[in-house]
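Line by line, the protein sequences are chains A and B. In terms of the working numbering, the numbers along the first sequence are unbroken and rise by one, the last being 533. In terms of the working numbering, the numbers along the second sequence are unbroken and rise by one, the last being 1077.
FYI, nobody ran anything at the bench for these hints, they're computed from the structure. Take these hints with a grain of salt, some might be off.
The calculated lysine-lysine pairs, modelled on DSS-like cross-linking and capped at a C-alpha distance of 25 Å, are [stated by the list, open to error]:
1. Lys418/B / Lys398/B
2. Lys987/B / Lys429/A
3. Lys463/A / Lys398/B
4. Lys645/B / Lys824/B
5. Lys429/A / Lys1018/B
6. Lys398/B / Lys429/A
7. Lys1018/B / Lys418/B
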Amino acid sequence: MPRVTIDGRSVDVEPGTTILDAARKLGIEIPTLCHLADHDPETSCMACVVRVNGSASLTPSCARIAEEGMAVESEVEDIRAIRRMAFELLLSDHIGDCIAPCHHTCPAHMEIPLMLRQVSEGQMREALRTIKKDIALPAVLGRVCPEVCERTCRRTFYDHPASICMVKRIVADEDFASGDPYVPERAPASGKRVAVVGSGPAGLAAAYYLAQDGHEVVIYDARDEPGGALRYNVPEEKLPRGVLNAEIGIIRRLGVTFRMNTRLGSDLTLADLRGDFDAVFLGTGELEPGKAYELGLHAPGTRLPANLSTLETAAPGVFAGGDLVRRRRLAVRSIADGKIAAHGISRYLRGLKPEGESHGCASRMGQVDRETIDLLMTGKVSSEDRHVPQTGPSEGFTPTEARVESMRCLHCDCRAKDNCGLRDFSESYEAAQGRFKGSRRVLVPLQEGSRLIFEPGKCIACGLCVQITCKGGEPLGLTFIGRGFDMRIGVPFDRPIADGLTVTADACVNACPTGAIAFADSELLRQPWEPRVAVEDRVHD
Amino acid sequence: MNAPASLPIDPAPAAPRADLAPIETIVGKLGRTREQLIPILQAIQAHYRYLPKEALERVCALTEITPAQLVSVATFYKQFRHTPCGKHLIRVCHGTACHVSGAGAISEAFEKHLHLPPGQSTDAEGAFTLEKVACLGCCSLAPAVQIDDGVYGNLTPGAVPYVLEEVRRAEKQGSTNGDRPSRNGDGAFGEIRIALDSCCLARGADKVFASLQHVAERFRLPARVKPVGCTGLSCHAPLIEIVRPGLPRILYADIKPEDAEAIALRHFEPRSWCNRLRSAATRALDALVDDTLPARNALPAEAAPVREFLGRQLRLATEHSGEMNPLDLAEYQARGGFQALERAMKERTPDELIAEITKSGLRGRGGAGYSTGTKWRQVRDASGLTKYVICNGDEGDPGAFMDRMILESYPFRVIEGLAASAWAVGAREGIFYIREEYPLAVQRIEQAIARCEDAGILGRTESDSAPCFRVVRGAGAFVCGEETALIASLKGERGRPRLRPPYPSECGFRGCPTLVNNVETLALVSWILRNGAESFTKLGTPRSAGTKVFALAGKVRRSGLVEVPMGITLREIVEKLGGGVPNGKRLKAVQIGGPSGGCVPASLADTPIDYEALVDAGAIMGSGGMVVLDEDDCMVDIARYFLRFANDECCGRCSFGRIGSRRLLDILERICTGQGRPGDLDDMQRLGRAMKVACLCGLGKTAPNPVLSTLRHFREEYEAHLAGRCPAGRCKELIRYEIGESCIGCTLCAQHCPADCIPMAPYQVHTIDSAKCTRCDACRQVCPVDAVKVR
């Protein structure tokens, strides 16, 4: 059995083992996008390069057989730099957005394109679930939100943005109209208690997600009724109180206790709360000038300093969000803060370090020209202009109108955003897409099979699907077309994608290291892309 | 096998379908295996002049080749066209020599006069199809264009409409090329030798040959008209050499068919009495009218330029240059051919032969310079009953055509080298892989193999005692010069290199140990067999023994092929053999090694040439293309030229090759068009160095060399471009043309301007509308008083 040394650690391997597999045996992670067990090495991504026996040039570890006495270097800075460059080169010729511009812009990072797809297919309950994963009060926001997401909608380059906010509103309204509104499941009781101060949008959202995580939540508020600024500052004609009450009702049904007419500072102190509860969320809104000290807070002005990514304050276990920490008053921002703080608190309560939301977007398309837009407009996308509700803008869409409007979405999002090797490694190697600017491939319109999506613009020509379709005995399969930079993967004789993948679709989707071949419904494949580095200490919590 | 059922074909075809009957014939003749895929496609294209889709679908139905395999191969190789081809095929050479002589402007002129929309290659009438070719190998005719079978040299953009007109006129008149006569005079006392290699043919040598034969026959001259191989003096082709017993040889250069009779009759007395009278009359008339013609072209072999060109050379691979009939086996044998091999096979063991080759210090002439003996040893030692030897004739460097010349002029020599290697390593089968752009080389090797088979030197089948050889034509892919790509191509696959190890010496063609040697290497093997290893090691340098053939082109007075001992300096080649840089310009650099090589600056011209010294200077030996550059050449443009080539020829497999080389080119394009940014030079350096270590194959690893070497030696030129200036005045976007006060108003510039941007103004100083000017340089070239200036 040959013995090889990788980064100073030795391992005995079966004859014929590649350096990549030897490294895995040692638990050393070598990135690769084009390797698949039991398939010939493609040696196309070149991310797995290592240095063998001090040689000046590097070698792809997926194809090089380990030999007795070989000394391999992998985790060294110059090799990491080469790998980063490999990812940067691939990203420079990868057209598409990891996440859609609207999704990226939404302060709450709601997965808007998914919601629109669900609405367009009449799946209102699923759409609501998608919304409520990130937005605790959609019926409210559907009426008060300034529609930040719509400002970056790519459809604007064609005619007008998709009416996202109003679609979201009808989804939430329909849920209540159904008589059986959606109440999310609660995790088993954690045995932890969390105090939420302030029942405005931030506090309500925090309570909504904290309760789902199984914590006992008590909301304190100085006023008679919950809702904060939503109830006391927004006019009734803009936000009917019934809508607000209905959404607060869902939070009550999650088991959250409301203690009204209880003012921080006079009725109870922060010290009391920190003594009685395991964690505290402060969502009081902007402080009155000079009042901070009275409340037991160390705030220089009317706002409390906090880590704006995790919303932790200087005091352990005390989180804050909404207008208390941010200058810009925006209900959706406050609702997003409530969600972030809730996730942070849950991590804190489990003894983990709170993390900000990660919205890494390795690949972005940026501004596009009219020609590209015309290409994106093909297929199922409706070419009708933005709809206005028949009964007047203040009345909102009917479910039918919402469905028609949602068909205007260009679906800029990547269906493989949660199972993309290119995205994962680009993030971990800090590879920048803009590193190499230059000629890009021409965008080829997305092809939809019955359940498949083929986006050649995202293909990194790894070659795995060509091998899989060949081995799988496809009559047509996929093949390399052309050569060099312009080389593309496609079905022979310009046949549609479905003709090429008659029996190997699942295998190709699973192997595709990007979103070039994906299932049209991203929910079909929710597990993360298998980076095919079986490294035990790689923890996804 | 898993041959697919016939493909579902759309029931209602819109266009009339091609007649598919020939497909069955082709497949029946060539076979149904995947290995035959490229020959099948070549046969289909020969028939239809492109690859009709329905024909390809038919191939899948008739053979074991799957649609995926077929499409991947049919779209990989540049030879294959997928749209119908015009009646006439125009191939504009974009070799290095043509590039520095303005090939870009020639292509643009054709596009303009054929009214080709961007991305289209065939004109609206379907009369002309325009293509770019990497190199026609007519470097001394630069810029050159091949239209159908004819080559037009030294073209200018202004001449393009006349060339097109000529082709149209010829078509109307229905002119045909008559069959070339092939009979030689018998009982000759002397020889009229005429080189019939591709360079000479491109300049009309076949017509000269025909008229020489005609004269010899008509006047019954006491001379044999003998076709011979290349003399190397391509810049003076066609060449005639007069050989008379006991008299000095005389060389005539730049001969036209109408000169042939006068030259032949000047040196040989007609044997028939009445013809003698006629010829005397002709000669008298000639003398009266223009006796300067032959004299103008005569280059006595002792003349200084010829002596300098030929005298310093040392002919090993090209031994008996210009003396032998390439296809005369008896003549080859009379000069010792095949005898040394025969002796070796009788008196020595294969191991001894390998030891001899190893001792000679011969290194692969294809570029990398690996020890030939060691390579043979590895294949001999590799386990396996079946082994193969391959002659790599896929010479693709733009500006390099030495392998083509050797194959065309000395086919038996290369066959002997390959036969020796087959015997040494224990192979029974040999393959000549020759690029399809070299039809004459393919034909000569095929004919030479047939003659060797007739003589029993080669076998006809694998069961014969002698090895059997065959020719496989490449299909237009520079990357197939890389041995693993070449083998993939032989298997009927895309020519993609793979990771080595395993080397072909262990696992090559059909998974068997395979020896791949370059053409020139094999030609040298024959010489070593005959003269012994020691005579070889005496030549050259200690690290690089023997000689090397270079294709000398660019800014030199005498271009062509030269074979020189290793260790000679660049200066000696450029100044002595090449006659120096013409027009009083200064030598700036020599580009060596083509797209994998680099530019050696004039300051390093005294570098003795061997493998290692060239690497130290930032270039590589490569296959031996040598392009001389003068002060008018822009080094950034040269780097861009080679990067464009690398991009065109990249296989597309690995990320660094496919995207890296494009990103390097992107930056160069920016710099050449005045869009460069401050960080660009560092970016190129970083990316180039990464490609050198991380590309999968040798071609990718060396692709950045033209950039890195020019960055190293000519960084100030790059910086000037970043500042918006092209010091050599080549980069169109950074220059403008102006007409100075010295203009005499002759209107020539206005007449030649293809963009109509110079208003005709007789006897006045002309002006150029810079907005319309395409920077084609036509005006500057025609101006009789050098009034056109580039700023």
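Verification of the supplied hints:
no.	hint	in the structure
1	Lys418/B / Lys398/B	holds, 15 Å
2	Lys987/B / Lys429/A	holds, 22 Å
3	Lys463/A / Lys398/B	violated, 48 Å
4	Lys645/B / Lys824/B	holds, 11 Å
5	Lys429/A / Lys1018/B	holds, 23 Å
6	Lys398/B / Lys429/A	violated, 31 Å
7	Lys1018/B / Lys418/B	holds, 20 Å
Consistency note: the structure conflicts with the earlier hints numbered 3, 6.
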